[in-house]
Amino acid sequence: MPVIVAENISKKYIIDHQRKSGGPSSFRDIVTDTVDKVFARKKNDNFKEKEEFWALQDVNFSIDQGDRIGIVGHNGAGKSTLLKILSRITEPTTGQIKIDGRIASLLEVGTGFHPELTGRENIFLNGAILGMAKSEIKQSFDAIIDFAGVEKFLDTPVKRYSSGMYVRLGFAIAAHLNPEILIVDEVLAVGDTEFQKKCLGKMRDVSESGRTLLFVSHNLTAIQALCNKSFYFEKGRLIDQGETLHIVTNYLSKVSHKTLEKHWDDIEHAPGNDQVRIKSFKLLPEYQENLSHIDVRTPMDFQFQFWNMEEGAQLNLSMHLYTFTGECIFNVGTTSQAFGAGLVTGTCSIPGNFLNDGSYVVSMMIVKDTSTVLYNMEEALVFDIEDYRENVTWYGKWPGYIRPQLNFSISQTEHLVND
Amino acid sequence: MQHSTTIKAGGSEKDYWKDLWLNRQLLWILSKRDISVRYKQTLLGLAWSVLRPLMTMTIMVFVFSLVAKLEGDPGIPYPLMVLSGITIWTFFSNTFTQISNSILINSNLVSKVYFPRLLMPLSSVAVGFVDFVITFVIFLLFTIISGYGLSWNIIFLPAFVLLTFIISLGVGLFFAVLNVRFRDIGQLIPFIVQVGFYICPIAYTSRLVEGEWFESIYKLNPIVGIIDGFRWCLLGDKAYFDPQSLYSTTIISLVILVLSVMYFRKKENTFVDHI
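Residue numbers (the numbering used here), protein chains in the order written: chain A, 1 to 419; chain B, 1 to 275.
These are calculated hints, taken from the structure and not from any lab test.
There may be inaccurate statements among the hints.
[Said to hold, decoys possible] A partial selection of chain A residues facing chain B, derived with a Cβ cut-off under 10 Å: (1) 60; (2) 61; (3) 91; (4) 93; (5) 242; (6) 396.
A virtual CB, placed ideally from N, CA and C, is assigned to each residue, including glycine.
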């Protein structure tokens, strides 16, 4: 049975180019505008002062009870606007949504906390703002304090709280809401990993209890772990919906600005010089489980081909792998050997379960006599590695540049003996 | 309990008032928040609410009675006349100012969570009301000390307090909406309050206006009738009060309130787009 049915939802904003921001206009602006219009010298029509912007356009969907919906899309794709409309913070320009059930939305942790008030006062304030009755708050009061771990500071104004305590208290209150439909926006972006783990655990409880969940996040691992279905928004439109794995794969294949292959068929126009010309540079992943994106398990081959023009040149290849932010992770080289004129192919294999998730940049160098750089192909390939985890309950960012599976064993080596 | 909602363009649904009623606990909690925040932050706390009207009264008695030699209603001590006027005027000006700013002050809530927006202006009245009660107690003490007996007319007092509430809500809601849309309205509000102070019979009595050519225009201001009536309730029949003005005061106040609420309801769902 559908609990949320949305029909033709659109939301239009007017962007005013004349003003510095889309923010509040002042009365003065209205006056000067009017004066301008009355004494109008005809303005240049090419320059539109006001532009319509559709944050959402013709969005239709239906959500069944117990569905856990992940919402993915770029920044500005309309995800937050949709959540705002669903939480009734703003109204749609057209269309309508029918909702059956009590809805609670968590667009921010600690909404309405007042810095001067104590933790205790803020629990009641925030709870009431989120729609809890006083009796409900009283009932879960101890659980909230326990979850947040702030019992010592209950009567301290929250302005004296550390930011971590503040966030923990905020989430603890929200976690004890008992709505039939819960809407959550990126709140996990804050807090330490320990806390994120707690939050995701709580959200898992919510979803397992048969309640409906809508979850916007850029953390695709969390979405995959929590949500059975997903929506994919692009430029205000709901362009795809379905099983989470399918949507996430589709999303990943579209978002990355990756370059997995470069090739030139014509030796005349290929980059290079008198001695070498580049034919191609390809990343050949060995996709796992019918996926079409690279994740941390995927073994990869880098295949590099060039034409050697100089008979008998002593050549070797040198490959650099950088993070997207520019730190070099490693540099590997081949041995140097003599080649005749013609096509030369070099292949470098990176095993699966070696690199961490993230975006990477590859450069390839052709070196002569192990000392002279004949050609350096910088930032030749760009690729993304997605996260994948099994049997874990933690979804924070895995630290480190690489994520190798080393032989790391643990066993009991001695028993305490009680005499 | 099956709870169902329809969200669509063009305003909130029919059960808005039911929603408002269901959220009455929140109204109470927001009011409590404003009150406790107000008295927590300041060093003197409560003392300010006592000192402010006393200081205003002292200055006005000095300026208008001793320097300008204005006279109040015959038989009524001038300080009592001024203090009663200040009591109800301060209630009006405080609530009006707070209601006008209520949406902006709570903008963090407006952009993050839904509840009937009318709760914000309504809850902002609380602080003004507490201040009013304090000033009122001062007034009572003052009257008793000065030996001037209170009038039995005081039983009508709640009606005038209610009227003040209605008119301040009416005007305040209108400015609250404008204030979200045009930020310079915020600077206009203290000015309106200042002007109001002089065009309302606070430092003088409406008796002075009687018979002047502008009397009927003057009395169109609903606050004039309210201040006169409030004084009449406390100081008895010696205070000037035109019972006829009660009709226009009531009607004008209610009409303003109804129009403002309609305007507010029409605009409240778009507040977030301007904040």
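Hint check results:
{"no.": "1", "hint": "60", "in the structure": "14 Å, violated"}
{"no.": "2", "hint": "61", "in the structure": "14 Å, violated"}
{"no.": "3", "hint": "91", "in the structure": "4 Å, holds"}
{"no.": "4", "hint": "93", "in the structure": "6 Å, holds"}
{"no.": "5", "hint": "242", "in the structure": "24 Å, violated"}
{"no.": "6", "hint": "396", "in the structure": "25 Å, violated"}
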